[in-house]
Structure formats: structure tokens, C-alpha cells
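What follows is each chain in one-letter form.
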Amino acid sequence: MTAAELIKTLAVRLGVSQIRARALLDGYVVAITRHLQDRHLVILRNFGTFGLKQVAEKRAYVPAKKSLCLIPAHQKLYFKPSEKLRAEASEAEPRE
Amino acid sequence: MNRVYDKVVIDDLARHLSLAAPLARRSAEEILAIIREGLLRDGVVNVTNLGSFRLKPVAARTGFNPRTRERIVIPAHQRVVFSPAKALRDQAEPQRQPPVPIVPEESAALALALGVPVAVISDAADEPRPPAVTVNRDEGSIAAPENRLDSEPFPPSEADPSPRSVQAPIVEKLPAGPVATTLVAHEHGMVVVPASAHPVGADDTGSEKPRTMAAEKTARSSTRRNYFLGVAVVLLLGSYIAFRLNSAPAALSAEPASAAVNQPASPPVSQAANVYFKEQTVKIAPGDSLWRLAEKNYQEAILWPHIYQANASTIDNPDYLVEGETIIVPSLEGPPDHLSDADRRSIARGYYLAYLFYKTTGRSDAPFALMMARLYDAKVVDNVALRAGNTGPAE
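Chains as they are written, first to last, in this note's numbering: chain C, -3 to 92; chain A, 726 to 1120.
No lab work stands behind these hints: they were computed from the structure.
One should not assume that every hint holds.
[Said to hold, decoys possible] Cross-link-like lysine to any residue pairs, in silico, SDA-like; alpha carbons within 25 Å at most:
id	chain 1	residue 1	chain 2	residue 2
1	C	Lys76	A	Glu818
2	A	Lys781	C	Glu79
3	C	Lys54	C	Cys65
4	C	Lys72	A	Pro782
My request is simple: use the sequences and hints to build the entire structure.
So, in C-alpha cells, the structure goes:
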């Protein structure tokens, strides 16, 4: 499903125009992003959790340069699906 | 870390877009429902400025139940994978420091002088890493270990002028004792400690510590490189000195040498009596080499190509002589420090024949042989080509 299909479906379900539906979707994403910027765990019921996790520094091999490089410690965005979504996904038929 | 639930996000949506609360709540519910349905139906959903949700297949595997201690079969299934959009990563994740190349300690000073951020391989690389950050779900905060230098799990607050910067905790342990070291704080926060005065592999207590494979490899490669550089410098210097020593007498003997070229092949008795060394036939004894034969007969080992070129039909590999074979030690017209032009040409030919052999066998020092040949005779390649082939002996 593309972003356009998502907006179209949302507009049909809410009974609003697609422009309005896009504004609603963008507003929702902005609200989630602002809470992530404030280092909050965003928990969406029956969907999942957005958060930041700490990644330790590690060494990596660069094949192009044939040398090692040090990746500093940083924070990484993650999403953990809820149990309900995980169960539904595991039961879904695999797609080719 | 605070937890934010749906209600807070919906309230923010309603406030920012001036929506009624029921409409904002219904919009949020519909958005998540459409994403879930699209994901289960199509396997992938792209949300602008948020990211993409995908269903990734996981193959069946054998697991282990720690309670019953039984092997279990985990069937093949799918799991949800989220890839954040670049816009979301740029806004939500703190600014990342770029990867820093790891260089040996010898290159660290040069890198610092050039202002290049680097990390140094040291013996402290085997020290245990600081423990990972744990998430305390009950308190809703991330507890960082106290012994970590970057104890703050998140970037500093407003007090920090660069709130998005993250400290890079790469601090090498300073050796104890009166060791002259310099601690350099780079603009990116990387701390590089130059090599200590202790020998490589030795720690503060004086006992040797095993180095990491990467450190050993770089040390070996640098040692090997320095060795070859030293050998090359010595060879070049020696050949230059020998060339300079022979160039002055060669100029003086130019006329007699040119006169000798115009004479018939067999030198006259008067000239043959004045040769430095008369031609001899030698049987190769155990332990003999061209180098030793030249030193024994000419009192100058570097004239071994003179013998090699005279026996090119017998000797293939100049570094390997067959015991019991008979070879010719050709005559030398002048002493080693006053070689005649004919001697120099024959020596150059010997070096050139050695170069051809080394080249075919893929030896790395083949160019040195060619360089030595040109030192003795700059036109050695043309002179050899004029005769019968490049690999056959010259009459």
C-alpha cells in the first residue's frame, strides 16, 4: 500500500477530501515525531511502540578501504509491534 | 523516559489542527487500522515522513524451551519490520558522529597534525567494553551504568550549546608511571592517546600482554615495509657509490677500451698478459654460489653477473648452482675498482639476463637487477637485443 492509497482510503473512511485526509495523516506523524524528539516512548495501543535505543560503539570493516573503522555510540529509532499485530502478522499468509 | 499513550498524541493532533476531539480520535484510529490492514493484505505500507512497515518472512527453525529443556520447532512465520524514513531519523535521532578510521599508533600523530579524526589501536582494545544501557520499564527511564563516561543516555539538555551532539566515549587508559603522553581532545570529542614509552605488547605492570590480531597485523606489515625500504635504500646507495668510484677511471680508460674494441676477437698476447684475472674452469663444489665464486676469484662478490653471463647456457637460475657442474669463470680485464668497458658491458649483460629470469619467475626484486644492469651499461637492453635473442648466450 502506497502513501497515496493510504490517503485515499482514509478520505473515504472519514468522509473528507483527500487534501484533508493528507493533512490529518501529516499531523498525526508530526505529533509522533515531536514526542520522539523529546525522547518519549510513544505507545500506540494494539499497534506498537516507537522509541529510541542506545547502540554501543563497535568496529566495522570497510571493504573498499580494507581497513577498520570505529562507529561511535549512537541512538537508533525502533518500532516494536504489539502482541496483537505480531500474532496477526505471523498468521498472515506469506507473500511471494 | 516518559511514556506517551494514544490519548496524548490525539490531543496534540486536535490542538495542532484545531480539530474536535472525537474527529481527532477517530482519525488516529482509522490511520492505524488502515496501516494494519494494508500491512496484512499487501505486506508493505509506506507512510510519508514516518517510514515503511513490511512483513518479513522468517524461516522455520529449531528452538529450545528452557523450561522443559526440549527442542521445539518454530514454524515459519512473518514478522513486522519498520524502516524509519530519513526525515523521521533526522528529526528524532540525535546527530550521529561519522565513522572514524582506526589507524596504527605510528600514523596517529600525522593524522592529528592534518586534523583528521582517527581512533588508535592500542593494547587497551582488549579491555572489557562498558556494559550496555538497560531500560528500566517500571520507572520508565533508561538506567546507564555509573562507570560509563557517557553516563547520560540522551544528549544533554538546553545547557549544552550543541544539544544534538553525542559524546563519543573513546578514551584509552593512560599508562601509569613517568611516560610522556599527550591527551588530545578533538573537536568531535575523540580522544587519542599516542603510543606509550613501553615496548609494544607490554602493559604497565611490565608483563607482556597479547596483542589483538589487528594490532599484530599492522605491526608486522609496518615492520616488513620498513625492512624492504631499508634494503632498497642500502642497495641504491651502494650501487651509486660503486658507480661513482668506477666512473672516473672509466673515463680515463676510454681510449684504450675503444682501441680494444676495434681489435680482433682474440686479444693479443701483450693485452692478455695484462688482464686482471685469466679465464678458468671451475667445478662447482657443495655450498658454491656465483656470489662466492666472484668473491673468491675476483675479490669482489658483486661481479657475479660476469660469471653468470659467461655460463648463461649452463646456468638457468643464477641463485642455484648444480653441484659437480663445470662452469667458466671468465677473465676480467681490469681490477674490480677499475673495470674496463668490456667488463662493464658483460656485467651489465649478466644483470640483464638475471632480470629476465627473475621477471619470468615473478620475483619482486627483478627491477633491481635491471637497474643494476643499466648502471653498468645504459644501453644494455639494446646491446643484448642486437645479439642472438634475449635469453640465449652471446658469442
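Any of the earlier hints contradicted here, and which numbers? The structure breaks none of the hints.
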